[in-house]
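> Sequence:
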Amino acid sequence: MATKTKTRTRTNAKPNAAPKTAMATPLLSAVLLAVLGRHASAAAGGGSPPYPGRVLSGGPGGSVTFPLVPHHVQAARRGLSGEEPPAGERRRRRRVAEDANAKGVTKDPEQMGVLYMGYGTHYADLWVGTPPQRQTVIVDTGSAQTAFPCGGCKDCGFPQHHLSAYFEEALSSTFEKAVCDDCTRKATCNTQKDRCEIEQYYTEGSAWEAYEANDTVYAGGFHGKALLEEQGGTSDDLDPSHAAALGFPLRFGCQTMVTGLFKTQLADGIMGMCDGKNAFWHQMYRAGKIHSKQFSLCFSRPPHSSREGTLAGAMTLGGTDERLHHHPMVYTTTRGTPSMLPRRKKSGYFDVHVRKMYLRAGSGGESAATADPSAIVLELSGAELINELGGVIVDSGTTDSYFSSAIQMSLRENYKTLTGGASSFHHDKVSLTGEELAALPTLLIQMAGDEALNRAVAEEHGGPAGVPGLAGDLDPEHPLDVIVAVPPSHYMEHLSTGRYQNRIYATEKYPDGSVLGANTMMGHDILFDPTQNRIGWAESSCDYHELATKHGFPDVLGDELQTAETKEAIATEEEEEEDQVEAKEAFDVDHVEAEIQEEEAVAVAAGAEHQQHEQHNNDDEQGNDGPAGDTPEEPTAPSLRPADASKSSTAYIAEGPEGPQTALLALGLLLAVCAVCGCLYRRCCPRGPPARAAYHRAPEIELNGRSSYKDGFGDEDLEEEDDDVADEYGDKYE
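Numbering-wise, full-length UniProt numbering puts 328 at position 328 of the sequence shown, and it's gapless, one number per residue.
It should be emphasised that the hints constitute simulated quantities derived from the structure, not laboratory data.
Every value quoted in this text rests on a predicted model; they were computed, and no experiment measured them.
Do not take every clue at face value.
What the hints assert, rightly or not - Pairwise CB distance ranges (calculated):
1) 461 with 159: 47 to 55 Å
2) 287 with 151: 22 to 30 Å
3) 336 with 170: 44 to 52 Å
4) 555 with 194: 38 to 46 Å
5) 194 with 460: 52 to 60 Å
6) 433 with 174: 49 to 57 Å
7) 155 with 456: 52 to 60 Å
8) 456 with 429: 40 to 48 Å
9) 177 with 672: 47 to 55 Å
10) 249 with 180: 13 to 21 Å
11) 249 with 374: 56 to 64 Å
12) 342 with 510: 21 to 29 Å
13) 499 with 287: 42 to 50 Å
14) 228 with 287: 15 to 23 Å
Unchecked claim - Below, in silico cross-link-like pairs of lysine-lysine (DSS-like), each with a Cα-Cα straight-line distance of 27 Å or less:
15) 289 with 225
16) 186 with 289
17) 509 with 345
18) 289 with 177
19) 177 with 225
20) 429 with 509
21) 177 with 193
22) 225 with 550
23) 154 with 186
24) 154 with 177
25) 186 with 345
26) 154 with 193
Backbone N, C-alpha and C define an ideal beta-carbon position, used for all residues, glycine too.
Full structure from sequences and hints, please.
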């Protein structure tokens, strides 16, 4: 299986499959019968739960009833065109080897962009360069670097795997290679090429190499059509036409080599969204394009993926958009986790503290709250050991979710109990109907909440019991903790028609830590707010398309992609343009020479005519022409033909008061000067090649080691820059 970080490793061994026959112990059977018996007695007595819609506690062995309010069920699972993706391309765990009362939550964000589904990962569009070229990138809260293949990358995944052609640096007028004097700490100077080179290797075998570069970029917009900044759009963050106005200069990795999953994935590259200074959102903030150090990810589970683009959620930059939320947002705290260590020791991850874990019977539904009082909840033992590294990572770039092996035995036993022995917790592929899938248990994860924020939310809704997502009566000692539900439609991956595979693992051993991956994040709009040391959770269908359509905005998939030309095609086109320019210049030179010759001939003819007139006048004066007493004949203008228009004007000029010889000389000089100027203009100021049409190119996001709680993202070299930005923007925005 693919792993996702440097210093942390994880076992690649497949967990042992649990027996598929009923093996519930007599003790568990007795507990279950006792609980069911008590509920049956209550029902017979006409009793009703004192807190409808919430958890009822007090059963032996940690068992409680937990009612839910179901929302949209996405039982149909992903698979490219209805088929299982190629082996090794679905799993993604690429760790690098070596509400209204919530103060400070920005509810008027600058931008929302659509997310798409890849092989288990969610990716976004980046439009890079001038004119913009599309690159698709995995959205990864576990890494800082943004990188994708550039024009010189050989055998880097396109067109066999990637969605988009490589980013062609030569096509962008705003592209700049970072030189050695401008390298980040993570980069190494290549003195021969005067560039900053970076590389990244992963324990599952993937790797990439790149050099650092800068170019203008914007995220989101339309999937197949580039935008220009002046095209504008409304200021609503839902409007895809608004995206280009938030473009900014991004430092990224221009990949020259990729291997493993980076070559075979559907998306072109990766977008780092961790809490590191090189992260995409950090750079966007420093550029002044978002005014809050916050962003939100909302993942949905579409029925399948396609190369044309499958809508799978939304990414909101600069805050969160409450229009996505089914229930009020509740908050976990990062206090006491590696996220809170001093800036040079902090992990760079977004961490939570998992307090408890539960399994709830499948009748409870998919939400963290239910109206079914018979839904049984069993607490898993060993959950207190999940935080052995100080916290649990929320990582959007990891496909699956991983937990400490300390809960493995309890997880298996309780899973069997809730299914009556019909199913066991294992990772073999199974065939299930939709009803059988929905009947499987839901995993509930209880995380330490931000008590001040959650208390304010609860007070507006009649207490914790009135807020889906708060623990309430499930844990009377910690009612303001956050509950996240992971239903079977999220943790059972759909491989093909009726075929599923479990993607929750309880196999991690020290020093590997637990990870809440993309399948845990699904069905929630999650706010990442490191400045306030919190993560917000709000249940959502994450349907960007429905929301945008409701507010009258155009479909982001409405246009076909216009791809950029290859270097060879561009060279051929430029050569043809040069030939055309040369031919035009040759024609102009020949045409000017012909005009000069014609004008000289006209001047000579005009001079001859004037000489004749002069001689005629002289003869008249001397009486040599005609008999005496006859009136001299008046000189007349020569008869004109269309071709002789210029001759007429020449004749009149020649007979000016200064005399014919002077006029003729002036005319010759004037014509010569005009001819020379025309020649020089055409040779020295040739017209450039005609403007080429704007070509557009098609455009998935990662974690570092935790053993030392140091991100290694090269943040130190950017801290001073952040301070400068704080001086510039702090008074205005914070």
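> Residue 555 and residue 194, beta-carbon distance inside 38 to 46 Å?
45 Å, holds
> Falls inside 56 to 64 Å, the C-beta gap from residue 249 to residue 374?
58 Å, holds
> Take the C-beta atom of residue 433 and the C-beta atom of residue 174, compute their distance, and say whether it sits inside 49 to 57 Å.
54 Å Cβ-Cβ, so the 49 to 57 Å window holds.
> Between residue 154 and residue 186, is the straight-line Cα distance small enough, at 27 Å or below?
23 Å, holds
> Given the proposed pairing of residue 154 with residue 193, does the C-alpha separation stay at or below 27 Å?
Distance of about 18 Å is within 27 Å: holds.
> Given the hint that residue 177 pairs with residue 225, does the C-alpha gap stay at or below 27 Å?
Within the cut-off at roughly 26 Å; holds.
> Go ahead and decide if the range 15 to 23 Å is satisfied by the Cβ distance of residue 228 to residue 287.
18 Å, holds
> A range of 47 to 55 Å was offered for this pair. Does it hold for the Cβ distance of residue 461 and residue 159?
Given range 47 to 55 Å: holds, Cβ gap about 52 Å.
> So does residue 287 sit 22 to 30 Å from residue 151, Cβ to Cβ?
25 Å, holds
> Between residue 429 and residue 509, does the CA-CA distance stay at or below 27 Å?
With Cα atoms ~24 Å apart, residue 429 and residue 509 stay inside 27 Å; holds.
> Take the C-alpha atoms of residue 509 and residue 345, compute the straight-line distance between them, and say whether it is at most 27 Å.
Holds, because 23 Å separates the two Cα atoms, which is no more than 27 Å.
> Does the hinted range 52 to 60 Å hold for residue 194 and residue 460 at CB?
59 Å, holds
Every hint from the earlier list agrees with this structure, and none is contradicted.
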